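Trainee: Below are the chains, spelled out letter by letter.
Protein chains: 4
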Amino acid sequence: MHQLELRKQVCQANQALASSGLVRWTSGNASGRDPATGEIVIKPSGVLFDDLTPEKMVVLDASGHVIDGDLKPSVDSTSHLYVYQNMPQVHGVVHTHSQYATGFAVAGRDLPISTTTHACLFGARIPCSGLASIGETEIGREIVRLIGDGSAVLLRNHGVFTVGKSAWDALKYAVYAEESAEASFLAHQLTGEIPELDSTFVAGCRSMYLNDYGQEKENNSNY
Amino acid sequence: MHQLELRKQVCQANQALASSGLVRWTSGNASGRDPATGEIVIKPSGVLFDDLTPEKMVVLDASGHVIDGDLKPSVDSTSHLYVYQNMPQVHGVVHTHSQYATGFAVAGRDLPISTTTHACLFGARIPCSGLASIGETEIGREIVRLIGDGSAVLLRNHGVFTVGKSAWDALKYAVYAEESAEASFLAHQLTGEIPELDSTFVAGCRSMYLNDYGQEKENNSNY
Amino acid sequence: MHQLELRKQVCQANQALASSGLVRWTSGNASGRDPATGEIVIKPSGVLFDDLTPEKMVVLDASGHVIDGDLKPSVDSTSHLYVYQNMPQVHGVVHTHSQYATGFAVAGRDLPISTTTHACLFGARIPCSGLASIGETEIGREIVRLIGDGSAVLLRNHGVFTVGKSAWDALKYAVYAEESAEASFLAHQLTGEIPELDSTFVAGCRSMYLNDYGQEKENNSNY
Amino acid sequence: MHQLELRKQVCQANQALASSGLVRWTSGNASGRDPATGEIVIKPSGVLFDDLTPEKMVVLDASGHVIDGDLKPSVDSTSHLYVYQNMPQVHGVVHTHSQYATGFAVAGRDLPISTTTHACLFGARIPCSGLASIGETEIGREIVRLIGDGSAVLLRNHGVFTVGKSAWDALKYAVYAEESAEASFLAHQLTGEIPELDSTFVAGCRSMYLNDYGQEKENNSNY
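Residue numbers (full-length UniProt numbering), protein chains in the order written: chain A, 1 to 223; chain B, 1 to 223; chain C, 1 to 223; chain D, 1 to 223.
Derived from the structure by calculation, the hints contain no laboratory data.
Check before you lean on any hint, since a few could be wrong.
One copy or two, either will do: identical chains are not told apart, so a pair holds if it fits within one copy or between any two.
[Unchecked claim] Here are the simulated DSSO-like cross-link-like pairs (lysine-lysine), alpha carbons at most 30 Å apart as the crow flies:
no.	residue 1	residue 2
1	Lys-217	Lys-72
2	Lys-72	Lys-56
3	Lys-217	Lys-165
Remember, predicted model here, so these are calculated numbers, not experimental data.
Construct all of the structure, not just a fragment, from the sequences and the given hints.
Mentor: Structure follows, in structure tokens:
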């Protein structure tokens, strides 16, 4: 893939974070990794989503050094990098402070499997991490420790990280983590608990999703 | 009706699902059936709402075989099909994961008749189904079992299905199911219960709606 | 005022109901009365907000007979008419099902004076009516019985009516009734009660608003 | 800075208040002060955000007299002025009734440090003031009394004030005060409490933000 193409894809995913209502101001970010070269493209730090262009994206090598771009990369770059280094099949990472998912993260609660969509997309609970500092490897370690073969982790008192086959694919999981969190929140408010699906039913949903959903089966597997 | 016209109508209803905020990413769908030919037009599986065009819609015959279109139909097609086969007067079906209605579906609670608008449009509670797998006839069976002469069913831990005289008509019920769910949710949070209208008052609302509302009386009856 | 000018104003107020997020699909409506001729212009029944044009507005005489327009007027016309007939200084009426205000209406609770903005705009609680049927004089009677020298009434299990010097002016009160309801709802969820401002402080807010707010003092008085 | 430039900046910040969903109708306002001349530019009173232009902004001298502009300034001008007079390094002030922050303000509760973003941006709780009348110095006094070296204060039963190096900078704090309030609200609803970060962790977040976040370090300090 030409580097400009990856810049465009990552820029588009960052803009879609904003248009999907998952982020505010300059918080949250998407990155992508080129499977061929290992180069990582990520949002610049502290730039408004409306002001992003492909040219403003920052290019890092596999060790995290800036190899192209005039701006500083996101302070979450070390977290993205840790994930890429420890999950070779991941080629996209997204981070948001989406509202309901962050509500669960502040409460320190896993996101239960309360909807068929959660079961289809994630196949398991979305775990909530321990507290982790921004800017070093703590966040990356928590993600890798908890994500298993899933695609999302809640970061305690912080927000959400999702991983995928591309920035756009990771965005998909960020959208559905928020949908799941909202449904669980509302049910909790109505009943004081969150009715969860049993493992057999979840496995059936997950299998249907992996095998039958969408136009191309390979789009559905995690990464 | 020319097939292209039905494709346009169904495409428009799917796009309105997104612009109305009732769906996210690729989840949810609308379909329509041609009363003359029995052909069913439905959203393709796993396609973003922004990317839909009339040409991308999938055409099924009355048995559910794809007879036109390059894409795979929604995994919910079997559910739509079951409804069409068992409810001959229905010519539109809509499925969403709209937020508050899904909250009630996760909680496993019927939507009570808490507003005059609910009484006008539905005339009865919106029942919540048992758990049903996606992709086979279970969902369709639950809808047909529970819908009575109503227009909407909550799917346990899943979302909402509505039916109507056309895709656009079914969309109307999806919008109002969400309005009703939100009003009931908020009242529940204020008082711990959901004050419900009595049957005589409901019947009066329903009669007013059927006879006096809108420009053409025949638009108001369910299907 | 030329009739076309009133049609334009009322159409614009109806469209602003939709763009402000206070209404869905075809529910809710705005009307205006010409002070000179007594003619009332109102939204047609069951028409989507996106489809409204000044030409589609319906003109009624002071007795409620349609005197111009090809469409049937809103089923709420009798309610608007009752208000105009009994409140000679009112020249605009708005009806919505805005979310939080309707939540209070379903709960059967008055909107307390919990914010300075509520105190400024309304100067008193927004009362919640008894149950009233749509399409006859019941709703209008409840509004006139309860509104005092205020500008808004919650309709039990239904929604909100506001009145003003014009359709646009009534829209202002509909926006602020919803703002007040949301603030009160959220505080209630945090504390189990809704802290209310005392009457002396409310009177100070109201006086400041009536005398100092905006560009022209006469815009602030109710009607 | 040329006065027209400040008018443009302040107008843009006011329009961004509306597009960010932090304000409704004519409530809320942004102002900026020219560091060179001491002139203050502020929103005119009671004007809809859609109708604002740089020309409609009102220019005040350091004593609060209107020195340019055809319209009356915001009734909150005395509050903005008090802040500018007592906080010489502040050159932007924003006031909103954003939903969740106002919910806490009605409840009379400080905004706790429940998220890493809150810790980064504010470094401390956002305090809730006592009750203060609009239009005199009471609000300004409460802000100055409580703000410490922070950037935001909740106004009891009213809304939020934030301060910054410019109108746009103050807007940033208004956006994040609302994000923090929403996360804390949702966690409170799930658990009955709001888990708060400890002071060492908060100090680490704040230090990272001040030293490493964004493109230019000097953008991050408060004012």
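Trainee: All the hints need checking, so say for each whether the structure fits it.
Mentor: Hint by hint, here is what the structure shows:
| no. | hint | in the structure |
| --- | --- | --- |
| 1 | Lys-217 x Lys-72 | between (37 Å within a copy, 11 Å between copies) |
| 2 | Lys-72 x Lys-56 | within (10 Å within a copy, 38 Å between copies) |
| 3 | Lys-217 x Lys-165 | within (13 Å within a copy, 34 Å between copies) |
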